[in-house]
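Protein chains in written order, with my numbering: chain P, 1 to 193; chain A, 194 to 326.
I should point out that these hints are in silico values taken from the structure, not numbers from a laboratory. It cannot be assumed that every hint is accurate.
[Unchecked claim] Derived DSS-like pairs (lysine-lysine); straight-line CA-CA distance at most 27 Å: (1) P:K172 - P:K161; (2) A:K198 - P:K176; (3) A:K198 - P:K172; (4) P:K93 - A:K198; (5) P:K60 - P:K176; (6) P:K176 - P:K161.
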Amino acid sequence: MSPNSNAHGERLIVDAARTGDEAALSELYSLYFPRVYRYILARTGNPYDAEDLAEEVFMKVLEAIDRFQWREAPFSAWLFRIAHNALISQRRKDGVRGRSGPLSDGLALDSQSPDEMVENRLALNEIMEAAQKLPEAQRQVITLRFAAGLSVAETARAMNKGEGNVKVIQHKAIAKLRESVRSKAKTHEAEKV
Amino acid sequence: MRQRKFEEILDECVSAYLEGRRSVDESLSLYPSLARRLDPLLRAAADTADAFQDLRPTGRARERIRQRILRAAAERAAARALTRQIHGFGAATRRPLAGWAILSAAGVAVTGLFIAAGILLPDAMSGGSGELF
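Start from the sequences and build out the full structure, keeping to the hints where you can.
So this is what it looks like as C-alpha cells:
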C-alpha cells in the first residue's frame, strides 16, 4: 500500500502513533523509512550517512509528532520537511568538504545478476552525478518526486511553494538531467573512439 | 500559457508513470501532437525514477533502526507516564495544602485579633472592674 493511496488509513496510523501506540509507530516506520532513506541517499550519495540521517529524522519525528497538525500540511510533507532540515544541518556540519559522490559498496541494489548490478549502479551513479549539478530547488523537486515518491501537491507543501511552480521546476530539472546524462554519454563514446 | 500547459501535461504523464498507471509509450500515444517534445523528457524521468527505486536500505539496517526507534518511543512513553503521575500527585496534594494554608492564616488572624483586643481592652478581656485611676 502506498501512503499516498490511502490517506484515511494513514491518518488513523498517524493519530494512533501520536498517542504512543507502538504498533502504529512501527507501521509508520515501515511506510516511510524506505522513502526517507531513498530521499536522503539520493541527496548525499552515501548509504551510511543515509542510514544515520534517516534514523535521526525518525527520532525527530518521535519528538515532534505530538505537535503535528493535520490542517497545516499532509503528514508526508511534514516528515520530508524534517528530513530536508536534517540534510541541511548535516551539510552545515560537513562544511565545504561535502560528502556526496559516487555510491559506495554499502548500497543494497535489487538486481538479478552481478552484470545487471554493475549496469544499474553505473546508471544510478550517472543520474546521481547529474542530479548533484542541479540548482537546489530542482534537486529537491527531483528527489522528493522520484526518490521519496511525493505527489506534486505534497512536494509543494514540503517546499512551501505553489503546485504550478513545482511543475515548472520539475520540467526544467528533467530537461537538465537529460542534457547532463546525454552529454556525459557523448563524452564516454568520444573517449572510447 | 502554452508553456504552462505543457508542464501540466508533462507532470500528468510523469505522475501516471510514477504511480504505475501508464507506461511512457502509453502517455505518448495519448498526446501525439506533443510526443516529440514529451518523449525525451518522459524517458529521462522514467530512467531517474527507476534508478532511484533501486535505492533501499539493507534489511538488517532497517530492523536495527526500527528497534532503536521503538525503544526510544517506549522510553518516552515511560517518562511521560512518570510525569503524569508526578503532576497527578501534585494536583492531589495541592488542594488540601491550600486548605491548610487558609485555615492557618485564619487562625493567626483570629489569634492576632484576640491579642490586640487584650491590649486595647484589658478589662473586657479579664472581666475586671475597669478602674484605671
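Do the hints match the structure? See the list:
no., hint, result
1, P:K172 - P:K161, "holds, 16 Å"
2, A:K198 - P:K176, "holds, 19 Å"
3, A:K198 - P:K172, "holds, 14 Å"
4, P:K93 - A:K198, "violated, 42 Å"
5, P:K60 - P:K176, "violated, 34 Å"
6, P:K176 - P:K161, "holds, 21 Å"
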